[in-house]
Amino acid sequence: MQLSAVSGSFLAIGCIPTSDGKEVVRNLSNNSDYTLNQFIKIGTDGLVTLFTHRPEMGQGTFQSMPMILAEELEVDIDKVKIEQSPANRELFGSQMVVGSRSVQSEYHTLRKMGAAAREILIVAAAKQWNISKKECFAENTMVKQYNSDKKIGYGALVKAASKLTAPENPTLKNPQDFKVIGKPIYRQDIPLKTNGEAIFGLDMKVEGMFHASVERSPVFLGKIISFNKEEVLKVPGVKYVIKAKRHVWGNEREGIAVVADTYWAALKGRKALKVEWDNKGLDEVNSEGIFEKYRTNVTKAGDVLYQVGKVDELLEESENILEAVYEVPYQSHVPLEPMNAIVHVEENRVTYWGATQNPNGVRDQLSRQLDIASENVEVNYTFMGGGFGRRSMTDMVEEAADIAKKIKAPVKVVWTREDDQTQGPFRACQVNALRGVLGDEGDVTALEHKVIAQQITNQTGKNMKAGRQLMGGVNTDYKIPNFAIKGVLQKSHIPITYWRAVYHSTNPFAHESFIDELAYKAGKDPLEFRLGMMQHHSKFTTVLNLVAEKARWYDKPTTGTAKGVALAERSGGYFAMICEVKQEGDKIKPVKITTAIDLGICINPDTVKAQTEGAVVMGLTAMYNGLTIKKGAVVEQNFDTYPLLRYDECPEIETFIVKSTDDPAGAGETGLPTVAPAFTNAVFALTGKRIRKLPISKNDLVAG
Amino acid sequence: MASVTFDLNGKSVQLDNVDLEMPLLWALREDLGLTGTKFGCGIAQCGVCTVHVEGNPVRSCVYPISAIAGKKVTTIEGLSENNDHPVQKAWIEGQVPQCGYCQSGQIMTTAALLKNKPNASDKEIENAMRSVYCRCGTYPRIKKAIAKLVKK
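So the protein sequences, as listed, match chains A and B.
Basically the working numbering = 1-based index in the first sequence + 3.
Basically the working numbering = 1-based index in the second sequence + 115.
Pulled out of the complex, with its shape left as it was, chain A reads as follows (with noise of 0.2 Å):
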């Protein structure tokens, strides 16, 4: 980003992160650090440039967030130009995209900002015409006066403005007269998106770099006894073939990187690798023996997470307990650009091509990996061809410059699909038990919901007690007297990270299956079940009799349909979902899922819709798969054997908003939580079958 330096020629309007975890507005434009630590600039030829400083892996933070600055600032959000702004911290504050925070946690910076530069505007143009700021008010990139034709385009007013002290605390608009905000705004990225254009990490090409393929054990911590250097090194165009290694949770991983001309020929080069592995006895380890263990351990105690009431004198004295154990198996990411990074490093300095969630982690992770000042770090960082999660970890690029540190050149590392799918780290698999009882009135008295999961923040190491971590996603809302939460900690040297909506993508499928088996055994309607133990919670209630009337939950349902419905909250938005099913032949599949959320405001609602969207399409492939492990190494290698949800396979999908003022909830996870659940509900309904266990076996959907 190469911006003009000369003093008064645009506006500058940024904020800087205060040692306290604040931030305060200021006025950049005649800062030394303003090409660097900005939000909001506006040339004096009135052109109007807004900086989104986190990364873009299609959530539409790339737009959302300027808009939120466009609103305050009264300029057209499709006439401003959008730039990415480089990594930096100490400028920017966090960067990183996970949890669907970035709209949640900036939305009253953002606006503070917008507002700050819209009031100095003002009070420049107030000088010039020599009348109260009070008087005017900005419109459309202008400040107008009231009751008068008076105007000034905000370009007219930069030399004066980029003078004028940001107000601490500028008044933000009341959200009723918003008109960027709330409104379904084309995205200026998708245009990128059709014709080629955009470019992801795979796309980025530097000067005199090499490309590499690397060999990493499938048994997670092989260590290589020996490789056939000489013969790879005769493969043409391969030019180096040597040891490179990465870090995941602190174990050391080993590879084996072919070097060469092309990446053909780095491919070309691996075919022709042998390598010997010490698995140290790892290739012991399947999926069979991990679930084994974590059913086990469902009579452990574990370590209480949550607690209201008393739920183990309950479960000591009645009689009349439900009990039922559900089990998740590990996935994989999968966004459909595999992992790569471009590093060169040079004397004291080294830059980074690639796509990430996290850009601040990869400039942490150089610097102190290759012992290089933070600020002789440069972070070049693109779209992402989808992150999930496995982009929030920097082991790739760890491994790259650990290459190109050794081959004194820039690399290009692109992993294949199966070093994807094989290496992790993965979403974790599960075993959740529930046990809960019911009193006189069919009214949950008594529940109980032990988690036996890895934990991502406790992967390594002797602590064995199981942290809150475990819990995401289970429902804590329901009006339940006794209610526990358990965790029995398990360990793996299979590593897990973050996957979309975390624990949120596991518990929800054991939690709202287990309410609708208590529902079931109160003989009561499901979806009246809920609403019964969600009469204190307005917004649960308002999705879920929302979802009940655009879904027609109470129809009666025509013959080989039923309906099932699940809800949750995911980083503050609220969702209840209905999935209807159909019996086709011998086959059932869900045909239609309706979620009715509320997230609070939207910025972009139809942003919002397309998330839901595809976290419905994502939950659903986590249903049909999953991985496996088999003498330590993961089955599922490629597409062929792990197969994503296809076109023909998707059901129609219908998003309902909550229309709110109340600050923005995360809208990138929600609806996943629920689509499991929300189906084997149904399936239930329509064959009386419970499914406990994910993947969905073919058999659980023959009907009959």
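Once the Cα atoms are required to be at most 30 Å apart in a straight line, the calculated BS3-like pairs of lysine-lysine come out as: (1) K259(B) / K592(A); (2) K590(A) / K238(B); (3) K585(A) / K238(B); (4) K259(B) / K595(A); (5) K701(A) / K238(B); (6) K592(A) / K258(B); (7) K259(B) / K590(A); (8) K553(A) / K258(B); (9) K208(A) / K186(B); (10) K553(A) / K259(B); (11) K263(B) / K592(A); (12) K258(B) / K559(A); (13) K84(A) / K204(B); (14) K204(B) / K595(A); (15) K595(A) / K267(B); (16) K592(A) / K232(B); (17) K267(B) / K592(A); (18) K553(A) / K263(B); (19) K595(A) / K263(B); (20) K186(A) / K204(B); (21) K263(B) / K186(A); (22) K263(B) / K585(A); (23) K585(A) / K259(B); (24) K259(B) / K186(A); (25) K662(A) / K258(B); (26) K258(B) / K585(A); (27) K592(A) / K266(B); (28) K259(B) / K182(A); (29) K82(A) / K186(A); (30) K82(A) / K204(B); (31) K258(B) / K186(A); (32) K267(B) / K585(A); (33) K82(A) / K263(B); (34) K238(B) / K595(A); (35) K662(A) / K259(B).
Residues of chain A clear of chain B, computed beta-carbon distances all greater than 10 Å: (36) K248; (37) N282; (38) I293; (39) D446; (40) N485.
Since the hints were made in silico from the structure, they are not lab data.
Don't be surprised by glycine CBs; every beta carbon is placed ideally from N, CA and C.
Following the hints, put chain B in place on chain A, whose structure we already have.
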């Protein structure tokens, strides 16, 4: 190693000293600088690498350079001059892409289908479109966009 000449987006191109086993995908992306065609799986399962050869959709990740000599290849970059092919326009109108990575494959597959069968049936659309994955889940929007393009 050999030399191969073919027609790329209306222009004749020649690749010298090229490995004939190399898939077309890597020639397009690395030798010819057209990165709009993406790499997804390398085994013709995901369809994000779809280009047209003689007007038909093919998976460039498994299409060897040896088979391309003298043929006519169209990539996303050659579909239209100004991003205004009817399929591209429908994609923008329907706000289809999310991450966008698979969309060249989706658009090229749709363009080939509708050129060959302007009034394709739902079944024919399903058969064509099931060849391209979208991990972001844009299928419902693709379906709506295609519905607007199909001649009734």
